[in-house]
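Between the sequences and the hints, there should be enough to build the whole structure, so can you do that?
So the sequence lines, in the order shown, correspond to chains A and B. For what it's worth, this note's numbering labels the leading residue of the first sequence as 1070, then goes sequentially. For what it's worth, this note's numbering labels the leading residue of the second sequence as 522, then goes sequentially.
Simulated from the structure, these hints should not be mistaken for lab results. Since this is a predicted model, take the numbers as computed values, not measurements. Some clues are possibly wrong.
Said to hold, decoys possible - Chain B is faced by these chain A residues, among others (derived, beta-carbon under 8 Å):
(1) 1256
(2) 1271
(3) 1465
(4) 1468
To be verified - Quick list of the computed label-pair ranges, beta carbon to beta carbon:
(5) B:555 x A:1258: 21 to 27 Å
(6) B:570 x A:1417: 57 to 63 Å
(7) A:1258 x B:574: 50 to 56 Å
(8) A:1320 x B:562: 30 to 36 Å
(9) A:1225 x B:571: 52 to 58 Å
(10) B:562 x A:1258: 26 to 32 Å
(11) B:564 x A:1428: 24 to 30 Å
(12) B:528 x A:1454: 28 to 34 Å
(13) B:583 x A:1148: 57 to 63 Å
(14) A:1349 x B:570: 51 to 57 Å
(15) A:1369 x B:613: 39 to 45 Å
By construction, the Cβ of each residue, glycine as well, lies at the ideal position given by its N, Cα and C atoms.
The lines below spell out each chain.
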Amino acid sequence: MNTGDTAWVLISSALVMLMTPAVGLFYGGMVRRKNLLSTIMFSLTILAVISLQWVLFGYSLAFGPDHFGLIGDLSWLGLRGIGDTPNPIYASNIPHVAFLIFQMMFAVITPALITGAFVERIKFSSFLLFTILWATIVYDPIAHWVWGAGGWLHSLGVLDFAGGTVVHIASGISALAVALVIRRRQGFGEIRMEPGNIPLTILGAVFLWMGWFGFNAGSALGANALAAHAFLVTNTAAAAASLAWLTIRWALHRPSVLGAAIGGIVGLVAITPAAGYVTPFAAILIGAIAAVISHTLTIPRQRLGIDESLDVWACHGMAGTWGAIATGLFASKAINGAGANGLFYGNWSLAGVQLLAVLVVWAYSFGVTWALAKVIDRFHGLAVSEVEEYVGLDIAQHGEATHM
Amino acid sequence: MRLRKIEAYIREERLDNVRSALEQAGFTGMSVVEAKGRGDQKGLALPGRKGAFRIEFLPKILVILVVKDEDYPRAIEAIIQASNSGRPGDGKIFVSTVDEVIRIRTGKVGAEAL
Chain A
1070 MNTGDTAWVL ISSALVMLMT PAVGLFYGGM VRRKNLLSTI MFSLTILAVI SLQWVLFGYS
1130 LAFGPDHFGL IGDLSWLGLR GIGDTPNPIY ASNIPHVAFL IFQMMFAVIT PALITGAFVE
1190 RIKFSSFLLF TILWATIVYD PIAHWVWGAG GWLHSLGVLD FAGGTVVHIA SGISALAVAL
1250 VIRRRQGFGE IRMEPGNIPL TILGAVFLWM GWFGFNAGSA LGANALAAHA FLVTNTAAAA
1310 ASLAWLTIRW ALHRPSVLGA AIGGIVGLVA ITPAAGYVTP FAAILIGAIA AVISHTLTIP
1370 RQRLGIDESL DVWACHGMAG TWGAIATGLF ASKAINGAGA NGLFYGNWSL AGVQLLAVLV
1430 VWAYSFGVTW ALAKVIDRFH GLAVSEVEEY VGLDIAQHGE ATHM
Chain B
522 MRLRKIEAYI REERLDNVRS ALEQAGFTGM SVVEAKGRGD QKGLALPGRK GAFRIEFLPK
582 ILVILVVKDE DYPRAIEAII QASNSGRPGD GKIFVSTVDE VIRIRTGKVG AEAL
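Structure representation (structure tokens):
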């Protein structure tokens, strides 16, 4: 056991924890003012709800003893038997409980990312139900496949350094699925729905960017050179993507402030699966290309009239997809001996495995989330009434309002 | 020449439609004020677990414009067309007479100053 490594993983966990309320601020600034509190509330609540879900049974399902490569089990229910002793499979240098805490913050932020799909119209009770069920039947199995000891994608050699597939593809695709089930916002496509508070979005983006160092550099699970490397490529990709998005907005119209913030986040998403395996130069390409892909894909989403309010699919789902594929292209054993070489280093098979993982996680997230949303909509109703939506969810759902 | 002041309280999300309808009808100048208000329904009642929950004032937009006497029915028609959703809360329009208009920059008065 190494105290330096333990310290770094605990600090990283705290940084990742900060990202979830940051998602609330990031999204909250982009909705109309009457829905600001409601939007922040989603992330705030998820922090509490999924922390408990994880301690009670989520961690056991995701990382517990394997069954058929598909799922853990309930033998670690309530964290039975988990304590100071390191788990040699996951991290032999830190207490098992430190690994569990770090992973908990990933489980917390992932459903928070989805909330951008249904802001401004979902019932709070339906949101809670959706979140608990989604974490259990979508996140926990996928985390097991990719990261769990014995997980089938893990056994095939899939590389996902910090959650491009588990976190960003799963949440982004699920966002699209739930947006196709819940009704659109009233006046969608007819009236302007402009961001209520862009500075708040910037604040959220900055906290996300900072928290991402815990997310990616923390995924080295040690205070070492790999962590420093992941830190560097993370920042580099975010910088490249922020500038790329800004350039696109400038060429089309004006150098948008919101664009600089969103671009940075998209770059962070794309580098996440690759952060421990690629060079800084590859990180520039991964970030810049991610901005082009995500920006381009917001257009067909709008044209098709899909009210996925804050473009979670384009920004997380598609930048995550690109990042997972790019890992198969740019990964190099010179960066990380525990990884693999990608296509550009003469190895075709990694790209194949990455693509397979992308397709599988796309299909599973979309299918299960769609069915889950349908069932909740059928029996409990997903959206608030039109009058409640008109008044805004802050007052209608929480009885509180923002004055600023 | 007589001048008329139109004060229209409309739903906030209809502002863009009202603005462009007025523009198409030839009225470009207008002022816009964020307002809160209530009508016959006394705000809005939402069902809650502990009885109804009342919102006393709803956000509205007040659009103000001054036009020539003969133009004002057209302006009102444009506002109604663009802001009528058929539900309570669509708002009200008040019309009054204006004694004088002066353009600050040129000092011109009356219709010329509009």
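Hint check results:
| no. | hint | result |
| --- | --- | --- |
| 1 | 1256 | 6 Å, holds |
| 2 | 1271 | 24 Å, violated |
| 3 | 1465 | 6 Å, holds |
| 4 | 1468 | 7 Å, holds |
| 5 | B:555 x A:1258: 21 to 27 Å | 24 Å, holds |
| 6 | B:570 x A:1417: 57 to 63 Å | 60 Å, holds |
| 7 | A:1258 x B:574: 50 to 56 Å | 30 Å, violated |
| 8 | A:1320 x B:562: 30 to 36 Å | 49 Å, violated |
| 9 | A:1225 x B:571: 52 to 58 Å | 55 Å, holds |
| 10 | B:562 x A:1258: 26 to 32 Å | 28 Å, holds |
| 11 | B:564 x A:1428: 24 to 30 Å | 52 Å, violated |
| 12 | B:528 x A:1454: 28 to 34 Å | 31 Å, holds |
| 13 | B:583 x A:1148: 57 to 63 Å | 59 Å, holds |
| 14 | A:1349 x B:570: 51 to 57 Å | 56 Å, holds |
| 15 | A:1369 x B:613: 39 to 45 Å | 42 Å, holds |
Taken one by one, the earlier hints fail for this structure at numbers 2, 7, 8 and 11, listed in ascending order.
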